[in-house]
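> Here is what each chain is made of, one letter per residue.
2 protein chains.
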Amino acid sequence: MCAPEIVRHVRDSAPRPSRRALFGLAGLAAAAAVVPAPAVATPRAGGVVDLTHTLTPQLPVWPGNPPIATVPVAWHAAGGFGQLALGYWEHTGTHLDAPAHRIEGAATTETLAVADLVAPLVVLDISAKAAVDADAVVTVADIDNWRAQHGEIPERAFVALHSGWERHLAEPSAFLNLDAQGRPHAPGFSGEATEYLVAQCGIVGAGVDTLSLDCGADPDYGAHTTLLGAGRYGVEMLANLAAVPPAGATVVVGAPTHAGGTGGPCRVLALT
Amino acid sequence: MCAPEIVRHVRDSAPRPSRRALFGLAGLAAAAAVVPAPAVATPRAGGVVDLTHTLTPQLPVWPGNPPIATVPVAWHAAGGFGQLALGYWEHTGTHLDAPAHRIEGAATTETLAVADLVAPLVVLDISAKAAVDADAVVTVADIDNWRAQHGEIPERAFVALHSGWERHLAEPSAFLNLDAQGRPHAPGFSGEATEYLVAQCGIVGAGVDTLSLDCGADPDYGAHTTLLGAGRYGVEMLANLAAVPPAGATVVVGAPTHAGGTGGPCRVLALT
Numbered sequence: 001m002c003a004p005e006i007v008r009h010v011r012d013s014a015p016r017p018s019r020r021a022l023f024g025l026a027g028l029a030a031a032a033a034v035v036p037a038p039a040v041a042t043p044r045a046g047g048v049v050d051l052t053h054t055l056t057p058q059l060p061v062w063p064g065n066p067p068i069a070t071v072p073v074a075w076h077a078a079g080g081f082g083q084l085a086l087g088y089w090e091h092t093g094t095h096l097d098a099p100a101h102r103i104e105g106a107a108t109t110e111t112l113a114v115a116d117l118v119a120p121l122v123v124l125d126i127s128a129k130a131a132v133d134a135d136a137v138v139t140v141a142d143i144d145n146w147r148a149q150h151g152e153i154p155e156r157a158f159v160a161l162h163s164g165w166e167r168h169l170a171e172p173s174a175f176l177n178l179d180a181q182g183r184p185h186a187p188g189f190s191g192e193a194t195e196y197l198v199a200q201c202g203i204v205g206a207g208v209d210t211l212s213l214d215c216g217a218d219p220d221y222g223a224h225t226t227l228l229g230a231g232r233y234g235v236e237m238l239a240n241l242a243a244v245p246p247a248g249a250t251v252v253v254g255a256p257t258h259a260g261g262t263g264g265p266c267r268v269l270a271l272t
Numbered sequence: 001m002c003a004p005e006i007v008r009h010v011r012d013s014a015p016r017p018s019r020r021a022l023f024g025l026a027g028l029a030a031a032a033a034v035v036p037a038p039a040v041a042t043p044r045a046g047g048v049v050d051l052t053h054t055l056t057p058q059l060p061v062w063p064g065n066p067p068i069a070t071v072p073v074a075w076h077a078a079g080g081f082g083q084l085a086l087g088y089w090e091h092t093g094t095h096l097d098a099p100a101h102r103i104e105g106a107a108t109t110e111t112l113a114v115a116d117l118v119a120p121l122v123v124l125d126i127s128a129k130a131a132v133d134a135d136a137v138v139t140v141a142d143i144d145n146w147r148a149q150h151g152e153i154p155e156r157a158f159v160a161l162h163s164g165w166e167r168h169l170a171e172p173s174a175f176l177n178l179d180a181q182g183r184p185h186a187p188g189f190s191g192e193a194t195e196y197l198v199a200q201c202g203i204v205g206a207g208v209d210t211l212s213l214d215c216g217a218d219p220d221y222g223a224h225t226t227l228l229g230a231g232r233y234g235v236e237m238l239a240n241l242a243a244v245p246p247a248g249a250t251v252v253v254g255a256p257t258h259a260g261g262t263g264g265p266c267r268v269l270a271l272t
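Chains A and B, in that order, are what the protein sequence lines are.
The opening residue of the first sequence carries number 1 in this note's numbering; numbering runs sequentially from there.
The opening residue of the second sequence carries number 1 in this note's numbering; numbering runs sequentially from there.
Hint data in this document are derived by calculation from the structure and do not stem from the laboratory.
Bear in mind that the values here come from a model prediction, so they are computed numbers and not experimental data.
Glycine included, every Cβ here is placed at the ideal spot set by N, Cα and C.
Misleading hints may appear alongside valid ones.
Computed footprint of chain A on chain B; a stretch qualifies when at least three of its residues, placed anywhere within it, have a C-beta under 8 Å from a C-beta of chain A [as the list claims (entries may be wrong)]:
1. 49-62
2. 81-91
3. 114-125
4. 174-187
Quick list of simulated restraints, FRET-style, between CB atoms [what the hints assert, rightly or not]:
5. A:Asp133 with B:Ala77: 58 to 66 Å
6. A:Pro245 with B:Ala174: 32 to 40 Å
7. B:Ala131 with A:Pro63: 24 to 32 Å
8. A:Asp220 with B:Arg183: 50 to 58 Å
9. A:Asp133 with B:Ala113: 31 to 39 Å
10. A:Ala174 with B:Leu169: 42 to 50 Å
11. B:Gly46 with A:Asp135: 35 to 43 Å
12. B:Ala78 with A:Pro172: 36 to 44 Å
13. B:Gly87 with A:Gly46: 34 to 42 Å
Here's a subset of chain A near chain B, in silico, CB distances under 10 Å, partners left out [stated by the list, open to error]:
14. Trp75
15. Gly93
16. Ile103
17. Leu117
18. Gly164
19. His168
20. Leu169
21. Leu178
22. Gly260
Assemble the whole structure, with the sequences as input and the hints as a guide.
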């Protein structure tokens, strides 16, 4: 902060303070003569864990979707500022599923309730069964097991599935895990568990560390239909869920705000 | 939460509980028989203020930049899921300026320190002078006035300029406020104040409610050059700064993660 020690350090370590820095010091001295100032809230003490993948053209996408494309439209040599144009399909990278992704006419990205983007983070770890079954799903029993260990699911929580599938990212074909019909197989939520979380736990949203809320074995997309049909949101391709506690963190979902969107890349941070 | 009262409410209000809901209740009863669960941290009590504009093609952009474009690439009638393709230049809507926007070879979007995206929010209100001077800037004296009223600038703060310029949004030509040479005029940070905030207050970033960190009258882009040159980030086109306190809130900047980016649209939330 702008405390005297900091200013002294700047003064001592800067060989030749600029005119601007000297002006700043003069302003600081003037302010110090004013009435004592009230205390400012101290910064939060906890950590921040990034649950977002870096978005590159190499990051796996749902079959049929193209990779993100970028092209320079301004550069430093001409005008002094660099800028890229971006082109991508919404459901790319760590991204939001708005209700309109599954339900025609339902809520789009920019209409989600802002309060729902900050929520208690619940992490359901099914990595043990997912290690031996690519179509493993979160069941109601998994939720009850979490409750037995960590207490009730908090009100308006965001529930994330930690399947451990991220370990396949180094080999995109293993991450996609297509069958002979070209359909991906990876863990997800069962429709039944999703219904339980929505109807009885009042969650605001749910997320997965795979490409889809549903496991590849569900041809009805039960998790998508139940979650988005209830007006809640999903997040797919979450990262680093092994680095956050199963209970007690807060998630902040940086949902995109483009009008009429069905979803889009979003920064997801966990405050621990 | 999944508390008995909630479950009872669901049971009482649902005329015909589905088989799945009943299964859920059975699971809940089973879990209740398990060992007492430890308490879960309660959700945070404060509010969430959205500092982000809805991103539409009508939102003003810097002269020469195009509006965002969207086109459907999947729809519900064919496959059951809707999706848009998006095309835009990075510096559109409420958006991040990464150091690479101004400094060739400097840090790009995906390399910003995650911890710097969650910061104490300091709001400098210069709306009174900006109401009579479109080229009004934050000066070192404005910072000292804030300190006299609210205490020291917290360590690693994000400092936002509230100029009140948002009131012009209903009339894009007034928001752009081009002069005869086609150059926009709107408030910003002076280079001197930016240097003071970076060198002596150790801020992580700075934001404005206008299209540019610099006021239109600065041909040298002093604020951009100083802030981004020091490896800090900027956010332009912030919304709703009148709705957050001058001190005490925490800002979460949902910076984009596309590799090699010079910035991009981002969700910015204030936790109050």
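> Are the hints correct? Go through all of them and say.
Structure-based check of all given hints:
With 7 residues carrying a beta carbon less than 8 Å from a beta carbon of chain A, the segment 49-62 of chain B meets the three-residue requirement, and the given coverage holds. For the segment 81-91 of chain B, the stated coverage by chain A holds: 11 residues have a C-beta nearer than 8 Å to a C-beta of that chain, and at least 3 were required. Counting residues of the segment 114-125 of chain B whose beta carbon lies closer than 8 Å to any beta carbon of chain A gives 6, which meets the minimum of three for the stated coverage. Judged by the Cβ-Cβ criterion of 8 Å, the segment 174-187 of chain B is not covered by chain A as claimed, because only 0 of its residues qualify and three are needed.
The hinted window of 58 to 66 Å between Asp133 of chain A and Ala77 of chain B is violated, with their beta carbons roughly 34 Å apart. As the Cβ distance of Pro245 of chain A to Ala174 of chain B is approximately 49 Å, the hint placing it in 32 to 40 Å is violated. A C-beta distance of roughly 55 Å is found between Ala131 of chain B and Pro63 of chain A, which places it outside the suggested range of 24 to 32 Å. A hinted range of 50 to 58 Å for the beta carbons of Asp220 of chain A and Arg183 of chain B is consistent with their spacing of about 57 Å.
Restraint check, Asp133 of chain A to Ala113 of chain B: a C-beta distance of roughly 38 Å satisfies the suggested window 31 to 39 Å. Between Ala174 of chain A and Leu169 of chain B the C-beta distance comes to about 48 Å, which sits within the given range of 42 to 50 Å. The hint said 35 to 43 Å for the Cβ distance between Gly46 of chain B and Asp135 of chain A, and at roughly 41 Å that hint holds. At about 26 Å, the beta-carbon gap between Ala78 of chain B and Pro172 of chain A misses the expected band of 36 to 44 Å.
A hinted range of 34 to 42 Å for the beta carbons of Gly87 of chain B and Gly46 of chain A is consistent with their spacing of about 38 Å. Contact between Trp75 of chain A and chain B, as hinted, is supported at the beta carbon level, the nearest pair being about 8 Å apart and thus within 10 Å. For Gly93 of chain A, the suggested interface contact is upheld, since its CB lies about 7 Å from the closest CB of chain B, less than 10 Å. Taken as an interface hint, Ile103 of chain A checks out: its beta carbon lies about 8 Å from the nearest beta carbon of chain B, inside 10 Å.
Residue-level restraint check for Leu117 of chain A holds (minimum Cβ-Cβ distance to chain B is 7 Å; threshold 10 Å). Because the smallest distance between the Cβ of Gly164 of chain A and any Cβ of chain B comes to about 22 Å, over 10 Å, the interface hint for this residue is violated. With a least beta-carbon distance of about 20 Å to chain B, the hint placing His168 of chain A at the interface is violated under the 10 Å criterion. Here the hint on Leu169 of chain A is broken, as its CB sits about 14 Å from the closest CB of chain B, past 10 Å.
About 17 Å separates the beta-carbon of Leu178 of chain A from the nearest beta-carbon of chain B, more than 10 Å, and the hint is not met. The criterion of a C-beta within 10 Å of any C-beta in chain B is met by Gly260 of chain A, whose closest approach is roughly 7 Å, and the hint holds.
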